[in-house]
Amino acid sequence: MPDQNDTAVHVKVQDLEMRYNNFLIQKNLNFEIRKGEIFMIAGSSGSGKSTLLRHLIGLMKPVNGKIFYHDRNLWDMLPQEQKALQRRMGILYQSAALWSSLTLGENIAILLENFTDYDQSEIRHIVEFKLALVGLAGYQDYYPSDISGGMRKRAGLARAMALDPDIFLFDEPTAGLDPVNSQRLDSLIKQLRDNLGTTVVVVSHELDSIFAIGDTVIFLDSEEKTITGMGVPADLRDHPPNSRVSEFFNRENK
Amino acid sequence: MNRNGENKPSGSISWEQLQEDTLSVILKGDWKNPPKTDILADFLKMLKKHFDLRSVTINGSDITSWDTRLVAHLWKIQNLAKQYEVETVLQSFPRGIPRLLNLAETSRGRESAEPESLDETFLSKIGEVSLDVTTETVRMLDFIGALFIGLFNFLRGKARFRVSDVWFFLQDSGANALPIVSLISFLVGVIMAFVGAVQLTQFGAQIYVANLVGIAMTREMGALMTAIIITGRSGAAFAAQLGTMMVNQEIDALKTFGFEPMEYLVLPRFLALTIMLPPLALYADFLGIMGGALVGWAMLDLSFLQYFEQTRSALNPQHFLLGLLKAFIYGALVATAGCMRGLQSGRSASAVGKATTSAVVTGIVFIIVASAVTTYIYTVLGW
Numbered sequence: 001m002p003d004q005n006d007t008a009v010h011v012k013v014q015d016l017e018m019r020y021n022n023f024l025i026q027k028n029l030n031f032e033i034r035k036g037e038i039f040m041i042a043g044s045s046g047s048g049k050s051t052l053l054r055h056l057i058g059l060m061k062p063v064n065g066k067i068f069y070h071d072r073n074l075w076d077m078l079p080q081e082q083k084a085l086q087r088r089m090g091i092l093y094q095s096a097a098l099w100s101s102l103t104l105g106e107n108i109a110i111l112l113e114n115f116t117d118y119d120q121s122e123i124r125h126i127v128e129f130k131l132a133l134v135g136l137a138g139y140q141d142y143y144p145s146d147i148s149g150g151m152r153k154r155a156g157l158a159r160a161m162a163l164d165p166d167i168f169l170f171d172e173p174t175a176g177l178d179p180v181n182s183q184r185l186d187s188l189i190k191q192l193r194d195n196l197g198t199t200v201v202v203v204s205h206e207l208d209s210i211f212a213i214g215d216t217v218i219f220l221d222s223e224e225k226t227i228t229g230m231g232v233p234a235d236l237r238d239h240p241p242n243s244r245v246s247e248f249f250n251r252e253n254k
Numbered sequence: 001m002n003r004n005g006e007n008k009p010s011g012s013i014s015w016e017q018l019q020e021d022t023l024s025v026i027l028k029g030d031w032k033n034p035p036k037t038d039i040l041a042d043f044l045k046m047l048k049k050h051f052d053l054r055s056v057t058i059n060g061s062d063i064t065s066w067d068t069r070l071v072a073h074l075w076k077i078q079n080l081a082k083q084y085e086v087e088t089v090l091q092s093f094p095r096g097i098p099r100l101l102n103l104a105e106t107s108r109g110r111e112s113a114e115p116e117s118l119d120e121t122f123l124s125k126i127g128e129v130s131l132d133v134t135t136e137t138v139r140m141l142d143f144i145g146a147l148f149i150g151l152f153n154f155l156r157g158k159a160r161f162r163v164s165d166v167w168f169f170l171q172d173s174g175a176n177a178l179p180i181v182s183l184i185s186f187l188v189g190v191i192m193a194f195v196g197a198v199q200l201t202q203f204g205a206q207i208y209v210a211n212l213v214g215i216a217m218t219r220e221m222g223a224l225m226t227a228i229i230i231t232g233r234s235g236a237a238f239a240a241q242l243g244t245m246m247v248n249q250e251i252d253a254l255k256t257f258g259f260e261p262m263e264y265l266v267l268p269r270f271l272a273l274t275i276m277l278p279p280l281a282l283y284a285d286f287l288g289i290m291g292g293a294l295v296g297w298a299m300l301d302l303s304f305l306q307y308f309e310q311t312r313s314a315l316n317p318q319h320f321l322l323g324l325l326k327a328f329i330y331g332a333l334v335a336t337a338g339c340m341r342g343l344q345s346g347r348s349a350s351a352v353g354k355a356t357t358s359a360v361v362t363g364i365v366f367i368i369v370a371s372a373v374t375t376y377i378y379t380v381l382g383w
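Protein sequence lines correspond, in order, to chains A and B.
One point on numbering: in the working numbering, the residue at position 36 of the first sequence is 36, and numbering is uninterrupted.
One point on numbering: in the working numbering, the residue at position 44 of the second sequence is 44, and numbering is uninterrupted.
In isolation and in its complexed conformation, chain B is listed as follows (with noise of 0.2 angstroms):
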């Protein structure tokens, strides 16, 4: 039977031993269609049953019709027969077989050409991962380190970049990053209110969320939102930008031709992030803002006026500042994760796209962990 269920005759193998060392094998018929048994487990069982067998004739002359399936059976037990020292003869096959049978026997590549692989114990994988650990954290303090001396060259005045690229950054992660900023903090508002709304109402304290949305965005939201949207826009992108670099050679390039690709390629998208980065922080401040104003009119009959000036009443320029000062940090961390995995990519296409997710990844990282650091900062120096 055929994968289509239809009764079709199949292609044959019979076992014959004619001495006590020979063996003859032979093949009949429709080998497009073959018989459904495991050749090679069969003829080892042969070479295992028969220690004496030195030889192995085949015999095709009655195959109808055949494909290169036949022709890769035939090879491993050509293969195989090798390895017990038995001798294999064909005979009468047509004649495409035994030359593609040729072909690989000529053009095998390297005996130990499949990469070397060890056995993986636990143990073996706790001294990988700590390995791993230690060269990435090598790897990670050398760039740091790197971008400390691009950052200094800069401050001389002596780095090597493009001012014009410094512009093009800004713009693109700053102006063109407005429609997301706008969308993502206004409901982040809207959500602060909803679910402040709910609980103050109980105590008919509902204009208190005018505070509560005031105070969180500012010093922590408004930030915090923003960089992570900025690391999954720019931070993606720059890891993207400066992998396919990599693979283009274009790093190499610039290397050679006395660029540091530490100024010329990381100091303007770390320049522009760190720059960028405040003034949408504030921006999402106010569109948080205006979220939470709006659940406060729809939901808490708060008119604006109201709500704002309460908002007004909570906040201080401290709270912004703050804000600003996490807002800054954060726009530092993205761009060293953006572009610390971009140039760590290796040469392939999907090492682009590792060093892409892992440039997310490291980015929120870093971010949530430096928002937690501020934060108990901030609180233990009582701002």
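The following block holds chain A by itself, in its conformation from the complex (with noise of 0.2 angstroms):
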């Protein structure tokens, strides 16, 4: 991991709260996600992660508090820097979300045309090579509905790091994998943040991954609705604050 700013903050959410259609899910939400970590958000189903990471994107507007990236709040900025800032995000959403009319090779090709100045030929090899690194080489003429769902988290993936963003945010990437391949995609995000130096953050209820990749996780309280776990995975699983938390990370794992 490329160590200058070893310990920057990167995002910080303070005060958070979450609301949908008035209903509270979380309130009380104080982290902060250093640059080049790998950050888990863990909770059971319900507990609002996704909703935490549609807040951290921006696609949601917090209720109360706020989200700083750099030092920069998210909702205080201009709507032209928020976008800005958003496309330096690389999102895989939980469906993936490819853009079904568009082959793989178009979902990539598709950003680097519209945000980049390269030539048609230097794009081409982009898309390629980020195909390549998900291990999709050859597959550019493919239509997302043509492929597996496995594959097509991968071009996911490949379509997040289109744009070499500063962040990775990940909805459930190994969600309905085989263990497989979800181990395959654990490593390929490690990798990517080992030889880029991305900070990534994983929204996931998978242990194996939690533990796998986590640098730091922390756990949604679907009762407390609010942060009741925090710290390397590892740590909370051997000393759980609480009995959801040991329940949560102490469970089988087959």
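Simulated from the structure, these hints should not be mistaken for laboratory data.
Wrong hints could be hidden among the right ones.
Unchecked claim - Straight-line alpha carbon distances no greater than 30 angstroms define the calculated BS3-like cross-link-like pairs of lysine-lysine that follow: (1) A:Lys61 <-> B:Lys354; (2) B:Lys76 <-> B:Lys49; (3) B:Lys82 <-> A:Lys225; (4) A:Lys27 <-> B:Lys255; (5) B:Lys255 <-> A:Lys61; (6) B:Lys158 <-> A:Lys61; (7) B:Lys255 <-> A:Lys12; (8) A:Lys66 <-> B:Lys49; (9) A:Lys35 <-> A:Lys225; (10) A:Lys12 <-> A:Lys61; (11) A:Lys190 <-> B:Lys255; (12) B:Lys125 <-> B:Lys255; (13) B:Lys158 <-> A:Lys83; (14) B:Lys255 <-> A:Lys35; (15) A:Lys66 <-> A:Lys12; (16) B:Lys255 <-> A:Lys83.
To be verified - Covered by chain B, per the in silico footprint, the following chain A stretches (three or more residues, Cβ under 8 angstroms): (17) 77-88; (18) 103-115.
Virtual Cβ for every residue (Gly too), placed ideally from N, Cα, C.
Got two chains here, separate frames each, mind docking them using the hints?
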């Protein structure tokens, strides 16, 4: 991992409160994501993990509280600044969210065509390279509907990498994948961080992933409606602060 | 008796008060085939009758077979007893039953998992409807405003969209719609000629069927019928496409990568329909006139030459232009309705269905209102 500014804070969340149709999901969320770390957001289903990610991306506006990127509040920015920030994020949605009317190659190329001044042959090379990184070399002319769910997730990852983002935000990247494929995706994420130094935020409830790649994990408690566990995954497992954290991290892991 | 009407020994339940404060319940027999009594209601009666009841013992040693219906009953009984602060003891049940009860107890969801429901009174309904109308109007204005910004960016040459999409939608909603537009407008011409023929023949003026069909098709019906067909074809398709993209988070992905859905998704569809509807309407005009000619020839003994000559003398370019102007407006409205409903869709399969239905309804309402308004304006202006 490149170590300049090793401990610099990339994202800071302050007193965040999230509601969905007036229904309280989480409140008093306070945490920092350091530059270059793999930060896991864990919790049972319905605890608001994906909602928190949508807040971090800026797709949902918090009811209360602030989200800072490099000391600037996301919601104090001008719309075009916010957009510029979002373009520096590499997002992998839960459903991969590839544009279904475009081929895998076009899904990546369209970003490079619109937001860089590279020429066509350069773009083609980059597209092929990014697809190769995720093990999809040669698949650029396939449509998202032609490939399997696991491949779609990886193609989504390739698209997230298209513009060399500063931060990756992944929503359940390994959900619905078989153990071999999810392990492969996990190690891919880790390698990306190790080689590019990108900050990575991962929403996951899969213990395998959390222990394999997480530097820091937060546990969103659906009963307390706030974070009740934060730290290194193995520490939380061995010294859980409450019974729900203990139950989550010590459940039988097959 | 079981469901098939055969006589079979069924399970039985007997209630027995042992002391002032204890009740004994004994379950026996085949509980896959339970007795036809409302056990919970009986139990509630007992609870209400005996205030000092403190404990209930339920014995199941003679149960021969059972299914989860029995467990569900027991669970309800336990819960009811808890409400009345009565203790329940299960004795010698087949061991699966206490385990299932335990499982239901430990993994029960949130106490208040049910969404809050308010009493629906007449006034609250009126209030809700008026709030809905307000938000609906705001959302519509919001969309139209954003659409205008998108169009403005397009005119400045700054809109981000794929030109190939425009070509695709031109073909999809234009050329590919020709068969259905042909059929419908031809038949509309036939119908109008029939209706006119019956009336006009009474005055010996059957030749004027040509005027009727020609003017009605070019000024109104060509554009109107085409617009309604395109609402059902393309308007619905747009809503379904955009709704599905919403469900798949594709629209979120567009936004975060810096594409404006209004430019990238709506603009090509909007351009395609506004460009395509006038030529389609013109085509429908001619097909309708042909339908009229067929009726004139077959029913009214008019030759095609006579019919077309009469039509030519009745029509002038203005009729066509007024119809095409309408078609242009309808095109804009159909695209707006379809895309708006699609982008407003919720994130589920049923929401996409709703969005599609709503797109067609909205589209047709827009078209009919626009038709009435433009016809009125044309009349006032003497066009």
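Structure-based check of each hint:
A distance of roughly 26 angstroms separates the Cα atoms of A:Lys61 and B:Lys354; the hinted pair therefore holds under the 30 angstroms criterion. For the hint linking B:Lys76 to B:Lys49, the alpha-carbon distance of about 19 angstroms falls within 30 angstroms, and the restraint holds. With a C-alpha separation of about 28 angstroms, the suggested pair B:Lys82 and A:Lys225 falls inside the 30 angstroms cut-off, and the hint holds. Our distance criterion of 30 angstroms between C-alpha atoms is met by A:Lys27 and B:Lys255, whose separation comes to about 26 angstroms.
With a C-alpha separation of about 15 angstroms, the suggested pairing of B:Lys255 with A:Lys61 holds against the 30 angstroms cut-off. For the hint linking B:Lys158 to A:Lys61, the alpha-carbon distance of about 28 angstroms falls within 30 angstroms, and the restraint holds. A hinted pair counts as satisfied when its Cα atoms are at most 30 angstroms apart, and B:Lys255 with A:Lys12 qualifies at roughly 23 angstroms. Distance check on the hinted pair: A:Lys66 and B:Lys49 sit about 59 angstroms apart at the alpha-carbon level, beyond 30 angstroms; violated.
A C-alpha spacing of about 27 angstroms is found between A:Lys35 and A:Lys225, which places the hinted pair at or below 30 angstroms, so the restraint holds. Distance restraint check for A:Lys12 and A:Lys61: the Cα-Cα separation of roughly 15 angstroms lies within the 30 angstroms cut-off, and the hinted pair is therefore satisfied. Note on A:Lys190 and B:Lys255: the hinted pairing holds, with a Cα-Cα distance of about 27 angstroms set against a maximum of 30 angstroms. Between B:Lys125 and B:Lys255 the CA atoms are separated by roughly 36 angstroms; this puts the pair beyond 30 angstroms, and the hint is violated.
Taken as a hint, the B:Lys158 and A:Lys83 pair is honoured in the structure, with Cα atoms around 16 angstroms apart against an allowance of 30 angstroms. At roughly 25 angstroms between alpha-carbon atoms, B:Lys255 and A:Lys35 fall within 30 angstroms of each other, so this suggested pair holds. Restraint check for A:Lys66 and A:Lys12: satisfied, since their Cα atoms lie roughly 8 angstroms apart, inside the 30 angstroms limit. In summary, the hint linking B:Lys255 to A:Lys83 is supported, as the alpha carbons are separated by about 8 angstroms, within the 30 angstroms threshold.
With 4 residues having a beta carbon nearer than 8 angstroms to a beta carbon of chain B, the region 77-88 of chain A meets the requirement of three or more and the stated coverage holds. Interface restraint, the region 103-115 of chain A with chain B: holds (4 residues with C-beta to C-beta distance below 8 angstroms; minimum three).
The earlier numbered hints that this structure contradicts are 8 and 12.
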